[in-house]
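There are 2 protein chains.
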Amino acid sequence: MPNSSEIRALLFDVFGTVVDWRSGVARDAGQFLSRHAVPIDAFEFADAWRRQYAPAMEEIRSGRRQFVRLDVLHRENLVKVMTDYGVDVRSISTEELDELNHAWHRLDPWPDSVEGLLRLKRRFMIAPLSNGNIRLMMDMAKRAALPWDAILGAEVVRAYKPSPQVYVDTVEILGLKPAEVCMVAAHNGDLAAARQCGLKTAFVVRPVEHGPGQRSDLHAEQTWDFVAADMNDLATKLGCPT
Amino acid sequence: MPNSSEIRALLFDVFGTVVDWRSGVARDAGQFLSRHAVPIDAFEFADAWRRQYAPAMEEIRSGRRQFVRLDVLHRENLVKVMTDYGVDVRSISTEELDELNHAWHRLDPWPDSVEGLLRLKRRFMIAPLSNGNIRLMMDMAKRAALPWDAILGAEVVRAYKPSPQVYVDTVEILGLKPAEVCMVAAHNGDLAAARQCGLKTAFVVRPVEHGPGQRSDLHAEQTWDFVAADMNDLATKLGCPT
Numbered sequence: 001m002p003n004s005s006e007i008r009a010l011l012f013d014v015f016g017t018v019v020d021w022r023s024g025v026a027r028d029a030g031q032f033l034s035r036h037a038v039p040i041d042a043f044e045f046a047d048a049w050r051r052q053y054a055p056a057m058e059e060i061r062s063g064r065r066q067f068v069r070l071d072v073l074h075r076e077n078l079v080k081v082m083t084d085y086g087v088d089v090r091s092i093s094t095e096e097l098d099e100l101n102h103a104w105h106r107l108d109p110w111p112d113s114v115e116g117l118l119r120l121k122r123r124f125m126i127a128p129l130s131n132g133n134i135r136l137m138m139d140m141a142k143r144a145a146l147p148w149d150a151i152l153g154a155e156v157v158r159a160y161k162p163s164p165q166v167y168v169d170t171v172e173i174l175g176l177k178p179a180e181v182c183m184v185a186a187h188n189g190d191l192a193a194a195r196q197c198g199l200k201t202a203f204v205v206r207p208v209e210h211g212p213g214q215r216s217d218l219h220a221e222q223t224w225d226f227v228a229a230d231m232n233d234l235a236t237k238l239g240c241p242t
Numbered sequence: 001m002p003n004s005s006e007i008r009a010l011l012f013d014v015f016g017t018v019v020d021w022r023s024g025v026a027r028d029a030g031q032f033l034s035r036h037a038v039p040i041d042a043f044e045f046a047d048a049w050r051r052q053y054a055p056a057m058e059e060i061r062s063g064r065r066q067f068v069r070l071d072v073l074h075r076e077n078l079v080k081v082m083t084d085y086g087v088d089v090r091s092i093s094t095e096e097l098d099e100l101n102h103a104w105h106r107l108d109p110w111p112d113s114v115e116g117l118l119r120l121k122r123r124f125m126i127a128p129l130s131n132g133n134i135r136l137m138m139d140m141a142k143r144a145a146l147p148w149d150a151i152l153g154a155e156v157v158r159a160y161k162p163s164p165q166v167y168v169d170t171v172e173i174l175g176l177k178p179a180e181v182c183m184v185a186a187h188n189g190d191l192a193a194a195r196q197c198g199l200k201t202a203f204v205v206r207p208v209e210h211g212p213g214q215r216s217d218l219h220a221e222q223t224w225d226f227v228a229a230d231m232n233d234l235a236t237k238l239g240c241p242t
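Note that the protein sequences, when read in sequence, are chains A and B.
Residues in the first sequence are numbered from 1 upward in steps of one, following full-length UniProt numbering.
Residues in the second sequence are numbered from 1 upward in steps of one, following full-length UniProt numbering.
A few of these clues could be false.
Note that identical chains are pooled: a pair holds if it fits in a single copy or bridges any two copies.
Stated by the list, open to error - Cross-link-like lysine to aspartate or glutamate pairs, in silico, DMTMM-like; alpha carbons within 25 Å at most:
hint : residue 1 : residue 2
1    : LYS142    : ASP112
2    : LYS80     : ASP149
3    : LYS142    : GLU115
4    : LYS177    : ASP88
5    : LYS177    : ASP139
6    : LYS142    : GLU180
7    : LYS80     : GLU6
8    : LYS237    : ASP84
9    : LYS80     : ASP28
10   : LYS142    : GLU6
11   : LYS177    : GLU76
12   : LYS80     : ASP230
13   : LYS121    : ASP108
14   : LYS121    : ASP71
15   : LYS177    : GLU59
16   : LYS121    : ASP149
17   : LYS177    : GLU95
18   : LYS142    : ASP233
19   : LYS237    : GLU99
20   : LYS177    : GLU96
21   : LYS80     : ASP41
22   : LYS80     : GLU58
23   : LYS121    : ASP139
24   : LYS177    : GLU99
25   : LYS177    : ASP71
FYI, nobody ran anything at the bench for these hints, they're computed from the structure.
Take these sequences, add in the hints, and give me the full structure.
Shown next, in the form of C-alpha cells:
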C-alpha cells in the first residue's frame, strides 16, 4: 500500500460508491408503480432506468449532443423506460414525473459512508466527482448529511466521466498536481480513467450495488493504490483516526 | 418586509459580506512586509491590493480577456502593487509570493457569520456566489467552518459579477425560478445586478469592511427585500429559529 502523505484531495464517485441508488430508486418507483397499478417489479424498473444512463451520456461524450445535466438525461430516460414497459406517459402529470425523476436526489448512503467521509474530511479535501449535477448532489448531501467540502463533477466541467477532461479539469480547479488527488470509486472503469490522467486511485468494493446477483466490479481489476472494504476502512488505510 | 416562504436558496457574496478580507489580508501582508523590512502599512497594502480587483475583473467582463480564476488575478495584482510600492519582486521567491497570495484563502468570518449560516442552512440551500474561485472558497470554508451546501460562483459559470450571466446561470444550475433565490450581500451594486435578473435581495450592512473610515455601502440604496444588521439578524428575519 503506497504512502498517502502526498494526497491532498479525495474525489468520490457517488452513485454506487457513496449511496445505494438501486434501493433508493426502487423505493420511490415502487410507490409510483403501485399508485398506477403497473405490474412491474420496482427493482427491475430501477435497473432498466439505470441501463439508459451510459448510452444517454455517450451521446454527449461522443460530441453528438451538447452537454445537458444529468437531471435532463434521467427525465428523458424515465419516459423511454415507461414507454418500453407500455405505460402511457401522457396520462401522468409532468409534476408526478418530475417528482419521480427526483428519486435520484433522495438516495440513502451506504451505512459506512457518512462516518467514513467525516473521518476523511478532517485530513483531506473531499468532494464528489460524479456525473450527477450540482443540484442533485446538493439535495442528496443535505438529506443524507454527506459532509462535502465542495460539489465538483460533470456539471462544473461540462463533460461526463470517463472523459479525461473531467479528471484533468477538476484537478486544475483544485490547483493541485494529479498525483495529489485520489479518485475513490466502486467501479474499475472510473479508476482506470482517473489513473490515465495521473490521479491516485482507491477502490471501495460495493458487492450489492446491482443487487444480490452482481457480477461486475466485485474485485480490483488493477493494482489500485488503495483497496478498501468500505469508507471506514478507506479512512483507516489513509491514516485517518476514528 | 416581504414573505420569505417562496425562497429556496440563498446565495452569498463572500468578501466583505461573510468574511473580513481587509483584516485577514493585512495580517498576512504585515508579516511579509516586516520580514522584508518594507515600510508600508499593512492595511494600506491590503487596500491597494484590493483596488486592483475590479479593474482586473473588468478585463474579463468586457471580453478583452478570457476567463481566468481569481487566484490568477490576485497573483498578478500582487506583483503590480509591490512594484508600485518599489519592492523588487524578483528578489522574492515564487513560493513566498504564492503563500502571500493565499492570504485570500485564510480570511476570518465576521463574528456572526458561522452561527447565522448554520441557522439559515436548516431552512435554505446556502452557497457562496463569490468572484472567488472554487479552491479559494473551499480552503476558506474548511478553515473557518463555513457550512456551505455547495460552492457556486464565478468559476462555475466562468464569468464575474456583476455580469448578469453569473446570476442567471447560477439560478439555472439550482433548477429554481429567480424569485426562489435570494442574493445576500453587503454591496448595493451586487444586489442591484441580482435584482435585475429577478432574484430576491438581502442587504447585510458591514460598516467596517473598508476600515473605520468607510463611506460606501453604509445603508440600503434601494428597497431591498430584506435588510439585516448581521447574518444572525438575517436568519431571524427569514424566520429561522435560533
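Structure versus earlier hints, numbers of those that do not hold, lowest first: Of the numbered hints, 2, 4, 7, 8, 12, 15 and 19 do not hold.
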